[in-house]
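> Each protein sequence line maps, in turn, to chains A, B and C.
Numbering follows my numbering, with no gaps: position 233 of the first sequence is 233.
Numbering follows my numbering, with no gaps: position 91 of the second sequence is 91.
Numbering follows my numbering, with no gaps: position 248 of the third sequence is 248.
No lab work stands behind these hints, which were simulated from the structure alone.
All of these numbers come straight from a predicted model, not from anything done at the bench.
Cβ atoms here follow ideal geometry from the backbone N, Cα and C, with glycine treated the same way.
Heads up, some of the hints might be wrong.
Calculated lysine-lysine pairs in the BS3-like style (CA-CA distance at most 27 angstroms, straight line) [unchecked claim]:
hint, chain 1, residue 1, chain 2, residue 2
1, C, Lys433, B, Lys78
2, B, Lys291, B, Lys278
3, C, Lys433, C, Lys506
4, C, Lys29, B, Lys78
5, A, Lys74, C, Lys538
6, C, Lys433, B, Lys80
7, C, Lys537, C, Lys203
8, C, Lys537, A, Lys74
9, C, Lys203, A, Lys74
10, A, Lys74, C, Lys433
Pairwise CB distance ranges (calculated) [said to hold, decoys possible]:
hint, chain 1, residue 1, chain 2, residue 2, range
11, A, Asn144, B, Thr304, 30 to 40 angstroms
12, A, Val147, B, Gly323, 42 to 52 angstroms
13, B, Phe66, C, Thr436, 20 to 30 angstroms
14, A, Thr124, B, Gly346, 18 to 28 angstroms
15, A, Leu255, C, Met32, 35 to 45 angstroms
16, A, Asn144, B, Val63, 53 to 63 angstroms
17, C, Glu508, A, Leu255, 54 to 64 angstroms
18, C, Val311, A, Leu242, 40 to 50 angstroms
19, C, Leu56, B, Pro42, 43 to 53 angstroms
20, C, Leu56, A, Ala210, 46 to 56 angstroms
21, B, Thr304, C, Ser137, 30 to 40 angstroms
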Amino acid sequence: MQASKEEYFIPDGSYWPIVGSIGMASMLGGFASSLHDNSLGTGIMVLGFGLIIFMVFGWMGQVVHESEQGIYNKQVDRSFRMGMGWFIFSEVMFFAAFFGALWYARNLSVPWLGGSSNNAFTNTVLWPEFKSVWPLLQMPDAANFTVPKAIIHAWEIPAINTLCLLLSGATLTWAHWALLNNNRKQIIVGLIATIALGVIFLSLQVAEYAEAYQHLDLKLSSGIYGSTFFMLTGFHGLHVTLGTIMLIVILMRVLRGHFNPDNHFGFEGVAWYWHFVDVVWLGLFIFVYWL
Amino acid sequence: MLNRRYSIDISPLYKWAIIPLLLMPYAAFAEYGLNLPKGVTPVSNNIYGLHMMIFWVCVGIGVIVFGAMAYSIFFHRKSKGAVSSNFHESTVVELIWTLVPLGILIAIAFPATKVLIDLENTDKAEMTVKITGYQWKWQYEYLDDDVSFFSNLSSDSNDVRQLGKSGTFPDNYLLDVDRRLVLPVDTRIRFLMTSNDVIHSWWVRELGVKQDANPGFINDAWALIEKPGVYRGQCAELCGKDHGFMPIVVEAKSKEDYAAWVNEQQALQKAAAAAGEKEWTKDELMVQGQKVYSTSCAGCHGVTGQGIPGTFPAMAGSAIATGDVKAHINIVMNGSAGTAMQAFGGQLNDSDLAAVITYERNAFGNNTGELVQPSTIKSAR
Amino acid sequence: MATTTSDIQDEIDAHGHGAHDDHHHGPAKGLMRWVKTTNHKDIGTLYLWFAFTMLLVGGAMAMVIRAELFQPGLQFVEPQFFNQMTTLHGLIMVFGAIMPAFVGLANWQIPLMIGAKDMALPRMNNWSFWILPFAGSMLLSTLFMEGGGPAFGWTFYAPLSTTFAPASTDFFIFAVHMLGFSSIMGAINVIATIMNMRAPDMKLMDMPLFVWTWLITAFLLIAAMPVLAGAVTMMLTDRNFGTSFFDAAGGGDPVMFQHIFWFFGHPEVYIMILPAFGIVSQIIPTFARKPLFGYSSMVYATASIALLSFVVWAHHMFLTGMPIAGQMYFMYATIMISVPTGVKVFNWVTTMWRGSLTFETPMKWAVAFVILFTIGGFSGLMLGVAPVDIQYHDTYFVVAHFHYVLVSGALFSIIAAVFYWLPKWCGRMYNEKLATIHFWWAIISVNILFFPQHFLGLAGMPRRIPDYSTQFADFNMISSIGGFAFGASFLLLTYIIVTAIRSGEKIEEDRVWESAKGLEWTVATPAPYHTFDEPPKKAQILSESSHIGEH
Ligand code: HEA
Ligand code: HEA
Ligand code: CUA
Ligand SMILES: [Cu+2]
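Starting from the given sequences, assemble the full structure and let the hints guide the process.
Shown next, in the form of structure tokens:
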């Protein structure tokens with residue numbers, strides 16, 4: 001055991017990647033067909049999604065198994081950490097594209113349509129009625145869009161949600177400390193609290209979306225405001241959902257007695273992810289809701 | 001057979017052409033433009049100067065770099081007994097070849113900035129032309145003179161460019177239009193560019209103007225043409241299927257000739273409006289309709305009305321073109337939002353609309369026998 | 001050094017180890033070996049063959065383009081189909097040929113060059129590859145859908161790609177998502193490998209330049225590809241779910257698409273050239289029999305190019321109506337890139353200076369790279385000057401520029417790398433005589449192909465057009481002739497490579513090239529399936545470093 005731990009673990013050939021690829025191609029291909037009224041599309045998409053779920057659980061299950069067998073060493077652990085870290089960085093850049101779009105709309109395209117900078121003619125010739133304001137409720141030409149009556153204000157649900165996520169970051173860290181001290185009970189309590197906060201966050205967000213769609217007419221199709229609002233909060237919500245699922249998996253593993261103070265990459269990876277989701281939320285709260 | 005009207009002065013660049021020159025089966029080389037033209041506006045002249053300056057800087061650096069390489073390649077071959085030295089660092093040398101290029105770049109940046117500032121300044125314009133890109137034609141609106149028209153690829157080019165139709169190429173093949181943009185010389189003209197659908201780019205080299213036409217926004221540019229003449233250009237942003245077939249022709253006239261031209265256009269526009277008042281025969285409608293169809297519609301719906309499946313619907317057997325005439329008039333006049341089908345109500349006059357709709361309802365095997373009169377269109381407006 | 005390699009060989013033969021030691025087996029048999037493999041050499045091979053196939057597919061499309069442009073008038077294809085060819089040619093060459101080829105080289109070489117057993121995350125490595133065939137097929141399948149494939153250029157500007165595009169565009173979008181996902185995972189793996197799997201005694205500044213350039217490239221990939229994913233996602237929702245990111249009527253802006261695209265797109269072009277810089281920096285010292293000049297400044301120059309590449313993107317957008325301050329800034333930043341790039345060129349030239357040069361095939365391609373890439377760089381500099389770009393933008397001058405840097409740059413470096421390392425990979429030598437013929441054939445034809453395009457651009461020929469005015473006829477014909485000749489040269493290349501692999505002269509020396517340096521030359525030839533079970537030691541690392549002065 002000790003001797004083998006000096007060696008870097010190179011896994012045997014694996015079926016999981018090809019399963020994942022087939023799943024991914026079917027899911028996305030099916031989705032694309034369903035967008036064009038192809039009756040088979042949705043079915044293929046669901047099938048592909050199922051394959052991906054199967055792959056994720058199978059693959060990760062194998063990794064967990066290997067990890068619990070003790071065939072990984074510190075160096076493997078470092079590879080995993082780097083992998084997770086850089087993956088999160090790539091996610092940051094993905095969100096950056098949407099934050100960039102928001103920034104561009106607020107500071108450039110909407111003011112330009114209103115005639116600022118070198119776009120005086122844009123306004124006088126093409127959109128003489130249009131005034132640049134943010135949040136943009138009245139778009140230049142609303143024919144194809146839904147005009148919102150109002151927007152969601154920062155100091156209502158979003159503020160509570162901010163609290164939820166900040167608190168959940170704390171409870172997760174608390175669980176992490178417990179893990180380092182091998183205090184199983186505290187880990188479990190901490191994780192459950194974190195998951196609960198995540199679920200509360202998601203429920204509140206669903207309520208907020210329902211309010212927006214049903215009462216405020218604030219929709220994905222509400223011009224650039226609705227577009228940026230829902231894409232940013234929506235992708236964030238998707239990440240919270242994923243994070244919550246991952247936390248539940250981690251909780252299961254803890255219940256089964258996995259992880260110890262020296263070896264708990266799975267736990268830490270998920271924790272990083274959760275903190276990342278937290279930070280993105282702070283950005284959202286500030287730039288989407290507040291300012 | 002081939003026309004070589006476009007020749008311009010040969011620049012020092014042609015020395016570089018030795019390689020292709022050797023391979024040329026026939027030598028009509030001197031007639032070719034190898035370089036940018038100087039153009040006929042102050043801006044285009046400045047651009048030309050900058051272009052040549054940077055070109056020579058590159059040639060200079062190239063001579064040094066490639067010269068050093070050639071020296072090593074020829075004189076430090078192992079086969080010639082060269083023994084390798086072992087040096088692999090020298091801060092001084094590296095500093096020099098960081099700072100010298102930096103200096104060169106700064107020397108380029110100064111004049112470049114000056115030219116840039118000049119060409120972006122559209123103030124003090126004496127007249128304004130609004131240019132709107134459409135798939136695949138240009139609309140010109142003389143904002144001060146109330147003249148406005150569309151400019152399409154000329155019909156003789158249009159006939160030859162169809163797949164499989166070879167033939168003799170007309171003069172200025174693909175660079176000719178049915179109606180030119182006429183402009184006065186020695187006048188500071190401001191162009192306002194926008195688009196009705198996708199992004200186009202209005203480019204006339206001799207004017208030193210190329211500017212994207214973005215839907216929903218207006219960009220501006222300016223020109224002061226110093227020499228009367230005909231200057232040709234093309235759309236310079238991929239805008240769909242017929243991006244290669246939306247040329248630009250500018251005709252610069254003396255100020256007097258220009259004024260006369262404006263009067264003429266205003267009279268023409270009145271006459272066209274009058275044509276919409278009379279009753280047309282079927283033959284008249286079909287002849288005019290075919291003309292309008294081939295310039296305005298055939299680009300998408302095809303000369304034979306077959307369209308492109310999945311992109312542009314066929315006219316032959318189309319439910320709309322053979323069904324209720326109101327729906328037909330409606331889609332042609334108002335377009336179909338969110339598709340390439342434009343609103344032609346603002347582009348064509350009553351008689352042209354009546355003619356083209358009649359044509360569509362009676363050509364390509366759509367034998368509805370129905371006629372649409374300009375008066376119907378007028379009341380539909 | 002021979003001991004390590006024969007040890008490994010022994011282990012492969014004996015393979016009598018503990019339960020989890022199965023990876024000491026040689027390769028499994030049959031097709032499933034390739035589907036399931038976690039071996040970096042297998043995966044590298046897969047990447048390289050995939051890239052080569054895509055090169056032929058993308059090249060065949062280029063042949064369609066050149067055939068249609070052989071003469072004025074439309075002879076072979078409809079304009080819409082021509083645009084599909086242009087679009088898919090660009091996409092396939094970039095995402096299907098050049099990028100996977102570099103990843104393949106990284107897979108083969110990085111572990112060998114840093115003394116690692118394998119890539120850090122071998123299963124994920126397999127997945128990165130096995131997404132590609134699916135993504136590539138999805139992309140190609142669009143050609144057969146109603147309305148045809150994407151016809152809006154590889155830059156897919158909105159709204160041509162949103163409101164005005166065929167239904168197949170949604171498949172294109174998801175293909176791009178998959179390609180991006182694959183690249184990101186591949187890049188993560190490269191970073192983890194370099195940072196975590198290096199022989200313990202190898203410091204960062206001991207690493208060969210190919211490894212350095214790939215480390216930096218991987219960073220570019222991870223930072224840039226997600227932004228592309230964001231761009232196509234916005235396209236997807238603009239097309240199907242009513243958003244208005246790129247529609248002025250709703251407060252968006254089509255030009256915003258271009259900003260997002262080029263924020264990815266410009267780093268992307270350096271993703272396609274930095275590994276090339278690395279390759280050339282390996283090859284030139286070997287055949288100049290001299291250490292690489294200015295190793296550390298090469299590293300810093302690469303890093304500066306990478307950082308600068310994130311702040312110059314709008315030089316593709318000088319004509320979009322950007323405010324003048326923006327144009328000035330992007331002009332200055334862009335031409336600044338010439339400085340670190342120049343440092344590299346000067347270092348290569350100085351490495352050759354007073355060396356003892358021989359010109360085996362890899363060296364020929366490396367020298368051609370330096371010359372032709374520099375010519376492409378010069379035209380890049382001209383394009384970077386905003387007011388003059390007015391006359392160059394969207395003409396064949398741009399086409400000439402980027403083919404000089406991509407074909408005679410990136411692609412040539414890949415060819416150089418294959419000739420350089422293939423003997424190590426399969427223990428067989430290619431036919432030097434044929435390779436020399438191929439070299440001259442390709443070099444001459446590629447210049448006939450792309451040099452006249454400078455003139456076409458200056459004479460006013462726009463890019464992305466299927467037919468042109470008669471005064472462009474002669475240069476187009478010359479270019480097409482060069483294109484067919486260059487295309488045919490790939491038939492010879494295929495022959496040379498396949499015969500080298502199957503029946504090339506066997507070689508015994510580990511080092512292959514007389515004065516090649518680097519850990520990859522210390523393992524047996526052909527490289528065993530598993531290498532470096534024992535990491536190499538400091539002394540060996542230092543003596544194999546191609547940039548340390550002793551000889
Ligand atoms: C491998 C890919 C690659 C590389 C390395 C480069 C390198 C450069 N590119 Fe290029 N470029 C592309 C791929 C690449 N490009 C592509 C694909 C497009 C078209 C995209 C599309 O629209 O489809 C494009 C388009 C493009 C444009 C837009 C043109 C337009 O559409 O109008 C511009 C404008 O600035 C530009 C500039 C540059 C510059 C300044 C460099 C510099 O990095 C070059 C630096 C190198 C040198 C200058 C030579 C060596 C230096 C010396 C010897 C030192 C001394 C020199 C001086 C001081 C002058 N490129
Ligand atoms: C990244 C790499 C890359 C590579 C390697 C190439 C390689 C080639 N390119 Fe490409 N090209 C691009 C990237 C690349 N290109 C991009 C990004 C664009 C812009 C797209 C856009 O505008 O959106 C473009 C656009 C482009 C155009 C402009 C199209 C237009 O504007 O309409 C042209 C025209 O000549 C062209 C030609 C060629 C040719 C002849 C080759 C040759 O080097 C190809 C040689 C290879 C082969 C020929 C294949 C191998 C041989 C066979 C398959 C055997 C059969 C051979 C015969 C039938 C002779 N390319
Ligand atoms: Cu209009 Cu291209
Ligand atoms: Cu660029």
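> Give a verdict on every hint.
Taking the hints in turn, this is what the structure says about them:
1. Lys433(C) / Lys78(B): Measuring from Cα to Cα gives roughly 19 angstroms; hence the hint holds.
2. Lys291(B) / Lys278(B): holds, 19 angstroms
3. Lys433(C) / Lys506(C): holds, 16 angstroms
4. Lys29(C) / Lys78(B): With Cα atoms ~45 angstroms apart, Lys29(C) and Lys78(B) exceed 27 angstroms; violated.
5. Lys74(A) / Lys538(C): holds, 22 angstroms
6. Lys433(C) / Lys80(B): Within the cut-off at roughly 21 angstroms; holds.
7. Lys537(C) / Lys203(C): Cα-Cα ~12 angstroms, so holds.
8. Lys537(C) / Lys74(A): holds, 21 angstroms
9. Lys203(C) / Lys74(A): Holds, at roughly 19 angstroms.
10. Lys74(A) / Lys433(C): Violated, because 50 angstroms separates the two Cα atoms, which is more than 27 angstroms.
11. Asn144(A) / Thr304(B): 30 to 40 angstroms: Holds, at about 33 angstroms.
12. Val147(A) / Gly323(B): 42 to 52 angstroms: Given a distance of about 34 angstroms, which is not inside 42 to 52 angstroms, the answer is violated.
13. Phe66(B) / Thr436(C): 20 to 30 angstroms: The hint (20 to 30 angstroms, Cβ to Cβ) holds, given that Phe66(B) and Thr436(C) are roughly 21 angstroms apart.
14. Thr124(A) / Gly346(B): 18 to 28 angstroms: holds, 19 angstroms
15. Leu255(A) / Met32(C): 35 to 45 angstroms: holds, 37 angstroms
16. Asn144(A) / Val63(B): 53 to 63 angstroms: holds, 58 angstroms
17. Glu508(C) / Leu255(A): 54 to 64 angstroms: holds, 59 angstroms
18. Val311(C) / Leu242(A): 40 to 50 angstroms: violated, 32 angstroms
19. Leu56(C) / Pro42(B): 43 to 53 angstroms: holds, 50 angstroms
20. Leu56(C) / Ala210(A): 46 to 56 angstroms: holds, 53 angstroms
21. Thr304(B) / Ser137(C): 30 to 40 angstroms: Since Thr304(B) and Ser137(C) have Cβ atoms about 34 angstroms apart, the given range 30 to 40 angstroms holds.
In the structure shown, a violation is registered for the earlier hints numbered 4, 10, 12, 18, in ascending order.
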